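Novice: In the numbering used here, the protein residues as written are 1 to 466.
Think of the hints as simulated: they come from the structure by calculation, not from any bench. Here the structure is a predicted model, which means the values were calculated and not measured. A few of these clues could be false.
[What the hints assert, rightly or not] In the SDA-like style, the derived pairs of lysine to any residue whose C-alpha atoms are separated by at most 20 Å in a straight line are:
(1) Lys401 - Pro193
(2) Lys401 - Lys147
(3) Lys147 - Val434
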Amino acid sequence: MSVSLVFFPLQNKRFSTDFSILNDWTNKLQFFTGIDILMSVLWLIITIIILQYIKSLNREKEHYKYYMWNFYFRLIFNLAFCFYFIYFVKGGDTVAYWDTSVRLTNLLYLNPENFFNELFQFQGSKDYVNYFNNITGIPPNWIAKEKEAYFCAKVFSFFNIFTNGSFFALSIITTMISSIASFHLFDFLKKSPLFSKSNLAVISLFIPSVAFWCSGIGKDMIIYSVLCIMIPILFTIGKEKQRRFSRIIILIFCLYLLYNIRSFMILVIFLPLFFTFNVKISEYLFQGKFARQVFRILFIGLTLVSSALFIGNFASEQTKNAEIQQSDFNSNAYKGKKYSVGDADFSYSGILKMSPFAIFAGILRPLPWEALTPGLIINGLESLLIIFLAFRFFRKKSRLKLSILRNNDLLVYFIYFILILALITGITSVLFGVLVRVRAPLIPFVFLMLFIEIFEENTEDSTLIT
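Based on the sequences and whatever the hints tell you, model everything.
Specialist: Laid out in structure tokens, this is it:
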């Protein structure tokens, strides 16, 4: 046992704890030991130094005045997120991700070879070999059986090397990653003349539900950060030759993360790109007007059919997974109030019938009267605000605003992105607790659509980003 004290600083914490929960029969999780507090304070200082240094490199750029405020805002909501799962949920998938990552890091200390073998398998894989024992701790069963969740925990396990397995220190690091990624998207969007910089900062950096769900330990932080990084690259990589190779490498890495954590997001990102540039593609391939029209119709038709079939198969699989996860881990985020978008018919016609209700759910639900729990109340208030802004949007000069949306490639992309993600989210989530997390990345883009009226007089320049 003395050997384990040398090799496993994560497993054997030597300070008393104020709060612990029993998440898995082998793992008594501790959050407020002396070493945890020390590492959290240390990483908060390190993070602030890193971000202040980045800000100093861009001191001549006025919009960087929001840089640190973006981090502090997300940190506040991430801390609320942490305490919500520790005290209210008393566990949940966020805690399970961290718990699993700690067991993986313990395995790295015990036997690096076994750790790297474990990276390429999960409990549900064929010929699975279990390398864990009572010294490393056993990962929660439902995480180890779900490939995507287990991959997410593997990503976080590398950070534990530097945080000594501190839950809050890791949360501070994820907040920093989310903060940097979101500001990268803001830096890209500010080039458009369609938004005032102050309003753009609010709707792209300071949305409470996004800060709450997409800054902590979990899939949603990674997905949101990847989106914020990928979208600017996709719209600039063909125009800017500088650092093109490095951006291609970043894109490949982002795609790797998406494929292993939430694969349907690859469709959500690239399908709107095809719709957006459909006209330009047809003009590039064909000279005749008739040939171009035929190509566009066939392209859109085939894309819609194939997408609907993919969504149907994916939705069917996700529904089965949700049932398994709910039965395996009754305290996780998959327990909660359900909603319905119609009969679970995942055929092409079934998807068409469900799509209006699914898109409505993916954008606006839970409605205020459906969001009367601590984890949903922010989303309910935001849904009410979106409804108010939508009425305000269409009340005055709606044709002009719709013309701006239709003629700007970036805004067209955002419209398709919102509709496709809302459709998939609405059909597959089943539970409000899952819905609010998966839909969180589309909320900033919904607000972007509703705030273009701020610069409606600049329609001549509205195609600056195309």
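Novice: Any hints this thing doesn't respect? Which numbers, in order?
Specialist: 2
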